Amino acid sequence: MSVEVRGVSKTYGSFTALRDINLKIETGELVALLGPSGSGKTTLLRIIAGMDTPDAPAAEGAIADRADGSILFFGEDVATMSVGQRRVGFVFQHYALFKHMTVFDNIAFGLRVRPKSSRPSQSEITDRVHRLLKLIQLEGFGQRFPMQLSGGQRQRVALARALAIEPRILLLDEPFGALDAKVRQSLREWLRRLHEEMHTTTVLVTHDQEEALEVADRVVVMNQAKIEQVGSPAEVFHHPASEFVIDFLGNVNVFHGRIAGGDFQPGPLSANLPQLQSVGANATKIYVRPHEMKIARSKEDADAIEATVERINRAGVNAKIHLQTNQNDQVRVDLPLDQLDALALEIGERVYFKPIQARVFAPDYTI
Amino acid sequence: MRTSKASRRRPQLPGWGLTFGFTIFYLSIVVLIPLLALFLKSITMDWSEFVATMSHPRVLAAIRLTFGASFLAALINVVFGSITAWSLIRYRFPLRKLLDALVDLPFAMPTAVSGIALATIYSHTGLVGSNLFPLGIKTANSGLGVLIALIFIGFPFVVRTLQPAIEDLDHEMEQAAASLGATRFQTVMKVTIPSLLPAILTGFTLAFARALGEYGSVIFIAGNLPMKTEIASLLIVSRLDENDVAGASAIAFVLLTATLFILLLIQAIGWYFNRRTGRQT
Amino acid sequence: MANDKLKADSVDPWWVRWLLIGATVGFMVFLLVLPLGVIFWEAIRKGWGVYVKALTDRSARNAIMLSLVAAGISVPLNFLFGLAAAWATTKYTFPGKSLLISMIDLPFAISPIIAGLMYVLVFGLQGWLGATLASWGIQVIFAVPGVVLATIFVTFPFVARELIPLMQEQGSEEEWAAISLGASGWQTFLKVTLPNIKWAILYGVLLCNARAMGEFGAVSVVSSNIRGRTNTIPLQIDALYNDYNTAAAFALASILATLGIITLIAKTLLEQKIERQNGQEEST
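Residue numbers (the working numbering), protein chains in the order written: chain A, 1 to 367; chain B, 1001 to 1281; chain C, 2001 to 2284.
Keep in mind the hints are simulated off the structure, nothing from the lab.
Every value quoted in this text rests on a predicted model; they were computed, and no experiment measured them.
We put the beta carbon where it would ideally sit given N, CA and C, even for glycine.
Be a bit skeptical, because a hint or two may be false.
[Unchecked claim] Selected chain C positions facing chain B (Cβ under 8 Å, derived; list incomplete):
| no. | residue |
| --- | --- |
| 1 | L2036 |
| 2 | E2042 |
| 3 | A2109 |
| 4 | I2110 |
| 5 | P2112 |
| 6 | I2113 |
| 7 | V2120 |
| 8 | S2135 |
| 9 | G2137 |
| 10 | F2216 |
| 11 | I2237 |
| 12 | F2250 |
| 13 | K2267 |
| 14 | L2270 |
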């Protein structure tokens, strides 16, 4: 596979940025490192690029057959390789375009600085740059300067510049973070299409979950220096492996309650509905997604919960109904618009809701 | 496979060794070693010799004149420099840009050139001097002449230090004061000037420090009469001419220490106000 | 530019405004314009003939030559130093960095006379190295090398002072981008860093040069003032003036004054250029 991260940790003084990270990235896939600020995703990206180094493995506790704290590209340890030697294409968050060079010169830069022996000829360089300009849909912009381009255009130039050196791995550091929502959206789609054409192994860092879920083949959810879950977008969304993941991705209702019996399993809630029981020694959180709720005018199920309709937001694909329970909890239920119309709910009405699907996460026990 | 410790260091841009090495090397040769020579010379001087040099009446007179005139010049520059900085930033009038560029004139002009120009204007036959001498105001060959020259060279320091500070002034603060009923005068006294105080102090100390060591601009207009209009830096040159290197070093040491002390003061002022108000001077 | 309307124009009463403007203009004309005018007036007063003769006379030519030599050596050296110091202090972090930057500013704070004295202490015959060098036949103080050294000292910080704040503001992202694309250190420096600082370099070099040619105090200490031998232009001016040869003195002075004015003009133009360059990058 393309990139392997083995047992990488990184601390800055007293702050731990990465804690024993292990990750394998397959050739040709687009992986998103997703997480809030401080989760370590950018640190990991920079370590892969070679702009930062992982901590040396601790003497004790290092497992003998694992080379801790190493990065491998195609099976080769790259610890001794500098940034330039690793042949990674790095795209910075704020583009870092060479402001005094034209777009053409920016893209050609990586080719022109090669030592004479490996440098392509003048005409080859021109060809390649023009092909890339066409790829990023900026044909004819070759003689413009970065100052004359919009944010989205600059980002595309930064990408082309990185692609020009035919990198083995493309690394993108929050590439669309500094752009407007609409531009972000179209660039996202464009990036995905580009990836399908070029199939360069790509690692993308983002804090925007929508971006990760839309663009990536696999998502690596990170939190507080650790990896919470790795999986396809559908997997991490519908089968979250931890409380953090389900909370971070998409909206979720959280109920506090108790579980009776010894089994923790995602599945339809039994009669042990949280609100009806006191928060006791086995208190736990039960997670229900807004679209995994049933809502009715009358108490059809014995264990449906009573609530009042506070607000209905019809803007969007689904309607978002905000309820307040008698215990003053806020609950959100998402319904397709036609179902909402069928029910004809109004503000202030009393309704009854019940989860169709719920999740509980067992805390990790260490022995 | 274990990697060596060396490769574990955080990667830096290339060129560290070359640039840092050259920087330190050049700095040492040009600045630090000569500076060290002066300090060592002064410290290894016989204490009684040092005291004898410094308590010579001529030396005392020069020190008095230098410090006194520099202080006064810096003060005058604060007043007029603030007015100038304020007008240049806040108001629009013809030739404003030209005047703004002119502020740097004393800075761009070689000291000897300014020196002879000032001497010519303020001498008893000069443009200004010829009008003032009959009135009993001696603008050359006098302490007043020294003062004039020191005002000249200190002027840009105050203006250039104040300009960014005035630019940074929160205009809304002044409008708020006005909306609360303060007269313009009250606003200026209670809101504007206190906000500018750090910059004013910095400008003052810069002008003061610069004036202490000034030579070329002053010696032509001063007349250089020992005990009367001789500045410290000229005295140092005189001592050197008499081959009294020790004496010259003693005076230089005192002057240098005073200057460095004043500069530390500037840093301290800036640091203090930074902490209090969170703003840069 | 709507903020202009909010400026004190509307807050200070008009008579205060005009009083302050008047004070400003009056003070500045009196203090600054007058001396400038006098220089050129006195230079030309006795006629063009005298003016040209003063500039082409032998000792004047020697003085001009020496000033050019001193500037010609010190400016490139200080330029190289400025580049190295700016790179070392803005692209890396290390303990004592701000101390280093303050030390670079030292020559600004030290009186030129004291600077000259320091060099006498090190290179004079009684000094640390003076005796040794003399035995090799090299004379520093009271000779050309001393003049060059003193000039290097007083113009030492100029280029560095211009570059350091600018490069601090610009950051290192472009350099890292170049490295990631495979450029070597030198390629990065020449193709990426230099073009971004070219105006600041020009300005720093101009300032450095103006000061180098105009330095008086430090040079007068280390040279012997023998006319025609080790006089720079300022020293020559001094000598002529003391000889009551005012016309010649001002003639030479006018050269330096013109150089000063050119520097001022260049400064205004370059500052605008630098501002515009930085401002454009920050938007969007």
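Evaluation of the provided hints:
1. Interface hint status for C/L2036: upheld, as the beta-carbon distance to the closest one in chain B is roughly 7 Å, under 8 Å.
2. Because the beta carbon of C/E2042 sits about 6 Å from the nearest beta carbon in chain B, less than 8 Å, this interface hint is met.
3. Annotation: interface hint on C/A2109 holds; nearest CB of chain B at approximately 5 Å, less than 8 Å.
4. Using the Cβ-Cβ criterion of 8 Å, the hint placing C/I2110 at the interface with chain B is satisfied: the shortest such distance is roughly 7 Å.
5. Given hint, C/P2112 at the interface with chain B, holds; its Cβ is 6 Å from that chain's nearest Cβ, closer than 8 Å.
6. Restraint check, C/I2113 versus chain B: the minimum CB separation of about 4 Å is within 8 Å; hint holds.
7. Nearest Cβ of chain B to the Cβ of C/V2120: about 7 Å, under the 8 Å cut. The hint holds.
8. The closest approach between the C-beta of C/S2135 and any C-beta of chain B is roughly 19 Å, which is over the 8 Å cut-off, so the hint fails.
9. With 8 Å as the threshold, the beta carbon of C/G2137 stays out of range of chain B, its nearest partner Cβ sitting at about 21 Å, so the hint is violated.
10. Satisfaction of the interface hint for C/F2216 is found here, the shortest Cβ-Cβ separation to chain B being roughly 4 Å, below the 8 Å cut-off.
11. Restraint check, C/I2237 versus chain B: the minimum CB separation of about 5 Å is within 8 Å; hint holds.
12. The interface hint given for C/F2250 holds, since its Cβ lies 7 Å from the closest Cβ of chain B, which is under the 8 Å cut-off.
13. Because the beta carbon of C/K2267 sits about 7 Å from the nearest beta carbon in chain B, less than 8 Å, this interface hint is met.
14. The beta carbon of C/L2270 is not positioned within 8 Å of any beta carbon in chain B (closest approach about 12 Å), and the interface hint is therefore violated.
Against the hints set out earlier in the document, violations occur for numbers 8, 9 and 14.
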